[in-house]
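Asker: Got chain A; can you put chain B with the ligands on it based on the hints?
Protein sequence lines correspond, in order, to chains A and B.
Residue 55 in the numbering used here sits at position 55 of the first sequence; the count goes up by one each step and never skips.
Residue 29 in the numbering used here sits at position 29 of the second sequence; the count goes up by one each step and never skips.
Just so you know, these hints were derived from the structure itself, not from any lab.
No experiment lies behind these values; they were computed from the predicted model shown.
The beta carbon of each residue, even a glycine, is placed where N, CA and C say it ideally should be.
Mixed in with the good hints, there may be bad ones.
[Said to hold, decoys possible] Sample of chain A residues at the chain B side, in silico, Cβ under 8 Å: (1) Asp19; (2) His20; (3) Ala23; (4) Arg24; (5) Ser55; (6) Ala58; (7) Ile61; (8) Asn62; (9) Ala81; (10) Gln82; (11) Lys85; (12) Val86; (13) Ala89; (14) Ala90.
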Amino acid sequence: MTSYLQDKQLTIALSGEIDHHSARETMETIGGKIDTYLPALCILDFRDVTFMDSSGIAIVINAVRRMREIGGKIRLQNIPAQPYKVLEAAGMAKLIEIPERSGT
Amino acid sequence: MKYENQIQVTFPSKSVNEGLARSIVAAFAAQLDPTLDELGDIKTAVSEAVTNCIVHAYPNEIGIITLKAKITGDGVLDLTIRDKGRGIADIDQAKTPLFTTGGAERSGMGFTIMESFMNELRVTSQPGKGTTVHMKRKIVKRGERP
Ligand SMILES: Nc1ncnc2c1ncn2[C@@H]1O[C@H](COP(=O)(O)OP(=O)(O)OP(=O)(O)O)[C@@H](O)[C@H]1O
Ligand SMILES: [Mg+2]
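Bound conformation, chain A alone:
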């Protein structure tokens, strides 16, 4: 999982298939990066996510909670069609601003 920090803005690029099999590691990595860099804004980039199920919902919710705890904000970007549909079906739009869906 690659990430970069610029002006207190942490961008984390998620990739591959996000399911229960891979979720714990992803959740811990994101949490660790937030705790290390204490960003004002955390951006989760979904461009290279090829599949996501409800395990990804828990990952996003945990990241949202962590950013709230440190008084920061979170944003999701470049969400492909399949993860987008899962986020929508899980009602995530109520919790977090979800951008327009990008191409498949």
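Answerer: Frame of chain A; chain B with the ligands shown alone:
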């Protein structure tokens, strides 16, 4: 029951098999010529049902999961995912959005997602005996797509 094609796979409740189950169903469903969108919906629903067996049905042990896929007349994909695990005492409660017994690693949205991505979802369960999830999805024929 009348069917045009059918497969059955059994595998142990190891998380590495989540991706395998999705791929098997996707490959089987390919003969209905689904769109990428339809395939995404089907893979998501399978992933939810299989993950539930691994996480909830067999929390402290490795058990057997049976996955059946059928193609019935008029292009319907009919899926059954069965475990012989812990079972669900109150199915209506389990289906309620956000209800989970899985802690912070789960969101309680699995059944809600299965319900919204498939045309039909039926859950039967017996505490201590196991759970069966039955789902159907109609694949629209090429010529009949909007
Ligand atoms: N196969 C099963 N065996 C036993 N209990 C189950 C099974 N499937 C679901 N459950 C119960 O139903 C609840 C709701 O399931 P659902 O998939 O909707 O949410 P979740 O698995 O808890 O979270 P998520 O799917 O969002 O990660 C589970 O928390 C669990 O208590
Ligand atoms: Mg679930």
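Asker: For this structure, which hints from the list above don't hold up?
Answerer: none
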